[in-house]
Structures are given as C-alpha cells and as structure tokens.
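**Q** Sequence:
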Amino acid sequence: MFSASEAAILSSDEVRLKSRYSSDRRLPSALAVKKSPASAISFILLGNTLVNAVFAGLVASIVHSLVLRDGGLADAIATATATAILLVFSEISPKLVAGGNPEAVALWASSWLPGFASRLRPLSDLLTSFSRHLASRLPEPALSEEDFGELRFLAAVEYGEEAGVISGLEKEMIWGAMETPDLMAKEIMTPRPQIVAAGEDDSAKEALDLMLEEGFSRIPVYVDSIDKVTGILNMKDIASFISRSPGDWRERLERMPCVQLAVKPYFTHERKRVSDLLIEMRLKGVHTAIVVDGHDGVSGLVTLEDVLEVIVGDIQDEYDEEAPELLMVEAGCWQAVGGLRLADLAEAVDIDLPTDEFDSVADFIMACLDRVPSQGDAYSLVNPRLTFEVRDMEGPRIRRVMVRLQENVDDGLNGGGMP
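With my numbering as the guide, the letters of the sequence shown map in order to residues 91 to 509.
These are computed hints drawn from the structure, not numbers from a lab.
Careful, some of the hints might be misleading.
As the list claims (entries may be wrong) - Simulated crosslink set (DMTMM-like; lysine to aspartate or glutamate; CA at most 20 Å straight-line):
| id | residue 1 | residue 2 |
| --- | --- | --- |
| 1 | Lys326 | Glu395 |
| 2 | Lys318 | Glu341 |
| 3 | Lys354 | Asp386 |
| 4 | Lys318 | Glu290 |
| 5 | Lys374 | Glu341 |
| 6 | Lys374 | Asp396 |
| 7 | Lys374 | Glu360 |
| 8 | Lys276 | Glu344 |
| 9 | Lys276 | Asp327 |
| 10 | Lys276 | Glu415 |
| 11 | Lys354 | Asp317 |
| 12 | Lys326 | Glu341 |
| 13 | Lys354 | Glu341 |
| 14 | Lys276 | Asp103 |
| 15 | Lys362 | Glu304 |
| 16 | Lys276 | Glu395 |
| 17 | Lys318 | Glu399 |
| 18 | Lys354 | Glu277 |
| 19 | Lys362 | Asp299 |
| 20 | Lys318 | Asp338 |
| 21 | Lys374 | Asp442 |
| 22 | Lys354 | Glu303 |
| 23 | Lys295 | Asp317 |
| 24 | Lys374 | Asp338 |
| 25 | Lys276 | Asp292 |
| 26 | Lys124 | Asp103 |
| 27 | Lys318 | Glu303 |
| 28 | Lys185 | Asp103 |
| 29 | Lys326 | Asp366 |
| 30 | Lys354 | Asp272 |
| 31 | Lys362 | Asp386 |
| 32 | Lys362 | Asp327 |
| 33 | Lys295 | Glu252 |
| 34 | Lys362 | Glu395 |
| 35 | Lys185 | Asp165 |
| 36 | Lys326 | Glu304 |
| 37 | Lys326 | Glu360 |
| 38 | Lys276 | Asp114 |
| 39 | Lys318 | Asp366 |
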C-alpha cells in the first residue's frame with residue numbers, strides 16, 4: 091500500500107490526472123499531494139518503515155516459536171523469510187502495479203493519506219526536524235535547483251531530437267537561445283552611422299536604386315533625420331507595384347515618393363533581450379526593428395537575420411558574397427581575413443611562420459604588436475620579409491589584413507622578428 095502510493099505520487103502526470111479524472115471528487119486532493127509531495131512521501135516512508143518493522147518482528151516471533159532449540163538458525167530463517175516476503179509483496183509487486191496506472195493509484199492514495207497523516211503528524215514533525223538539522227550541516231550542492239532545471243530541459247531537447255520530435259535546426263535555435271540569455275539588441279544591431287536609409291521625399295525609383303546598390307531588401311524611410319523613421323520600405327512591395335503598373339514603371343516610380351510604399355516601422359529599445367526580440371518579431375510578422383535609446387533617438391537597426399545568426403550561426407542570403415579567405419591582389423600582395431589559418435598563409439606565400447604557436451593570422455598579428463591593433467597598424471618581419479597591414483577591424487577583432495612580401499623592409503615600420 092505504502093510502496094504503491096509512493097511510486098504513484100512520484101510517477102503520475104498532472105496533465106493526465108486532470109484530463110482523465112476531471113470529474114473525480116478526489117482530484118483536488120491528488121493534485122495537492124502532487125504539487126507538494128515531500129510531506130506525503132515522509133508520511134508514506136514512516137508508515138512503510140513501521141509496517142516493515144512490525145512484520146519482521148512478527149515473523150521472528152513465529153519462527154522462534156517453531157524452532158526452539160537453535161536460536162541462531164531461527165534468526166537466519168526469520169531474516170530470510172521476512173526479507174523475501176517484504177521484497178516481493180511490499181516493494182516489487184506494489185510498484186509494478188502503481189507503474190501500470192500511476193494516476194489511478196495516486197487518486198486512491200489521496201483518499202486515505204490525509205487521515206493517516208493526521209495520526210502520525212507529531213512523530214513525523216519530530217523526525218522531519220531532525221532530518222533538516224542533519225541536512226543543514228551538509229555542504230551546499232554544486233548545482234542549484236535552477237541549474238538542475240536547465241540541465242533537465244537540455245536533456246529533454248536532446249531526447250526530442252533523437253525521437254524525431256525536434257529537428258536539428260530547432261535544437262540549434264534552442265541551444266543558441268539558452269547560450270545567449272542576456273544578449274541585448276544594442277550588442278547585435280547595425281549602428282546608426284552604418285544605416286542605409288531613404289528620405290520621405292526621395293522617389294521610389296531612387297530608393298530602389300539605393301537598395302540595389304547597397305544590397306539590402308529592406309531600408310528605413312525617414313523625414314528630416316534618421317531619428318524620425320516613418321516607415322520600412324521592402325523591395326517586394328516595389329516589385330509588386332511594378333508588376334501591377336502598366337506602361338513605363340520607371341517613370342511611375344520616379345513620380346512616386348517612396349514613403350507611399352513603406353509600411354509602419356517596428357521600434358524596440360537597446361536593452362531588449364535578443365530572445366524576447368525574436369519572439370516579438372515573429373509574432374508581429376516584422377523583419378526589421380528600429381532600435382532607440384533612452385532619449386528616443388535612433389541608435390541602430392536589427393533585422394530578423396541578425397537575431398537568427400546570433401542563435402543558429404551565420405546565414406547566407408542572396409546578397410551575401412562568399413569572399414575568399416585569401417586573395418592575391420597583385421604579385422607579392424595578398425588580402426586575408428583575420429581568421430585565416432596561419433598555416434594556410436604560410437603555404438600560400440611559401441614562407442616559414444610559427445604555425446605551431448599561432449592558429450590564425452589575427453592571433454599572430456596581436457602577438458607581434460602585443461596589443462589589440464587599430465585600423466592602419468602595420469608590422470613587418472625582417473626574416474622572412476613580410477609586412478602585415480590591418481585594413482579592417484570589428485571591435486577588437488581583426489577582419490581584413492593586407493600581406494606583402496617585400497624585397498626591402500622599411501626600417502621605419504613597426505616591426506621586428508617573430509614573437
């Protein structure tokens with residue numbers, strides 16, 4: 091009885107309880123036990139222990155009355171008999187029964203547990219206080235309950251992918267959201283100086299030419315200044331207008347202010363969490379968010395692609411060009427990305443570089459300069475005769491480098507030997 095109740099309470103599902111037994115008068119009591127099982131389990135364990143102790147004593151008494159001559163033999167028989175009976179009828183069988191239909195057993199247990207608990211409450215309170223005192227002297231767990239909850243969730247995601255319920259992309263999105271819980275919009279936005287936008291007075295033809303030139307499918311539309319964004323212009327809307335326009339569509343676009351084809355902008359603030367922003371943009375069906383600061387001035391722009399790239403990695407769209415990591419500009423001159431493997435550069439240029447010590451070109455340059463470089467910084471090696479010039483930076487990251495193999499090295503350059 092006690093073992094079956096314990097197994098049922100721990101393994102029953104609250105949703106199944108509500109759906110299958112919604113009209114059962116015992117349901118509120120069962121849900122209350124399910125919500126706070128610790129107290130009920132303590133009474134069950136106490137009752138189970140008392141029953142086991144009484145039963146073991148009864149078996150010992152019966153065996154001793156039958157085996158009068160040998161006390162040691164009587165103890166062995168009593169122990170083996172009590173253990174076998176308790177194991178089969180008090181542990182294994184009840185838990186198998188409860189495992190077959192835990193919700194029904196949980197309802198049954200909730201009908202007698204309150205009355206039983208009221209009779210054993212004084213003893214249970216005493217034992218609980220003693221247990222809490224012992225627990226308080228134990229070291230704190232390495233992981234908090236919140237950490238355990240996160241681990242359970244991630245394990246469920248892994249199981250969902252294995253079972254085919256969650257796709258690989260969905261799993262990546264969930265993991266990405268978990269790994270960047272506090273990332274804010276201002277950390278991924280395109281900053282204000284880099285925003286490509288059209289004025290309200292610009293014609294739709296001018297706006298289209300701007301979008302084609304810069305490679306954007308959506309741009310903000312503003313009046314007076316970028317702080318007053320009045321709409322978002324989508325190339326699809328321009329294309330739809332062209333398909334519906336008879337005659338010379340270019341002339342019609344030149345006469346039409348671009349704001350007539352723009353849609354209402356969506357605004358968010360700098361401190362908006364990226365995970366929350368993704369949910370809002372999906373719910374509202376928008377692909378572009380204008381980021382404002384505390385003074386209602388525009389500080390940047392975030393696209394749905396920006397948000398997804400943070401979560402699932404880089405997304406290649408139709409306007410992105412796959413630039414080579416290493417490009418020969420002219421004889422003895424190469425353009426390289428900062429993340430290029432130093433070993434690949436050494437092989438391409440056919441020179442010896444410390445490839446065992448440094449993974450990338452960026453790592454090597456930072457070690458040579460002994461600091462984070464600025465755009466325009468250069469460093470020359472004497473042997474081999476190689477000059478590195480930083481051409482593009484993104485925060486502390488080196489994006490592009492110009493590498494030159496020279497016959498003569500200018501002594502005025504910041505340079506020297508290998509780091």
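**Q** Run every hint past the structure and note whether it holds.
**A** Each hint, compared with the structure:
no.: 1; hint: Lys326 <-> Glu395; result: 17 Å, holds
no.: 2; hint: Lys318 <-> Glu341; result: 28 Å, violated
no.: 3; hint: Lys354 <-> Asp386; result: 17 Å, holds
no.: 4; hint: Lys318 <-> Glu290; result: 10 Å, holds
no.: 5; hint: Lys374 <-> Glu341; result: 34 Å, violated
no.: 6; hint: Lys374 <-> Asp396; result: 17 Å, holds
no.: 7; hint: Lys374 <-> Glu360; result: 19 Å, holds
no.: 8; hint: Lys276 <-> Glu344; result: 36 Å, violated
no.: 9; hint: Lys276 <-> Asp327; result: 28 Å, violated
no.: 10; hint: Lys276 <-> Glu415; result: 28 Å, violated
no.: 11; hint: Lys354 <-> Asp317; result: 15 Å, holds
no.: 12; hint: Lys326 <-> Glu341; result: 18 Å, holds
no.: 13; hint: Lys354 <-> Glu341; result: 25 Å, violated
no.: 14; hint: Lys276 <-> Asp103; result: 42 Å, violated
no.: 15; hint: Lys362 <-> Glu304; result: 28 Å, violated
no.: 16; hint: Lys276 <-> Glu395; result: 15 Å, holds
no.: 17; hint: Lys318 <-> Glu399; result: 28 Å, violated
no.: 18; hint: Lys354 <-> Glu277; result: 24 Å, violated
no.: 19; hint: Lys362 <-> Asp299; result: 33 Å, violated
no.: 20; hint: Lys318 <-> Asp338; result: 32 Å, violated
no.: 21; hint: Lys374 <-> Asp442; result: 56 Å, violated
no.: 22; hint: Lys354 <-> Glu303; result: 24 Å, violated
no.: 23; hint: Lys295 <-> Asp317; result: 23 Å, violated
no.: 24; hint: Lys374 <-> Asp338; result: 35 Å, violated
no.: 25; hint: Lys276 <-> Asp292; result: 29 Å, violated
no.: 26; hint: Lys124 <-> Asp103; result: 9 Å, holds
no.: 27; hint: Lys318 <-> Glu303; result: 24 Å, violated
no.: 28; hint: Lys185 <-> Asp103; result: 16 Å, holds
no.: 29; hint: Lys326 <-> Asp366; result: 27 Å, violated
no.: 30; hint: Lys354 <-> Asp272; result: 28 Å, violated
no.: 31; hint: Lys362 <-> Asp386; result: 14 Å, holds
no.: 32; hint: Lys362 <-> Asp327; result: 29 Å, violated
no.: 33; hint: Lys295 <-> Glu252; result: 51 Å, violated
no.: 34; hint: Lys362 <-> Glu395; result: 16 Å, holds
no.: 35; hint: Lys185 <-> Asp165; result: 28 Å, violated
no.: 36; hint: Lys326 <-> Glu304; result: 16 Å, holds
no.: 37; hint: Lys326 <-> Glu360; result: 28 Å, violated
no.: 38; hint: Lys276 <-> Asp114; result: 53 Å, violated
no.: 39; hint: Lys318 <-> Asp366; result: 25 Å, violated
Checked against the numbered hints listed earlier, the structure breaks hints 2, 5, 8, 9, 10, 13, 14, 15, 17, 18, 19, 20, 21, 22, 23, 24, 25, 27, 29, 30, 32, 33, 35, 37, 38, 39; every other hint is satisfied.
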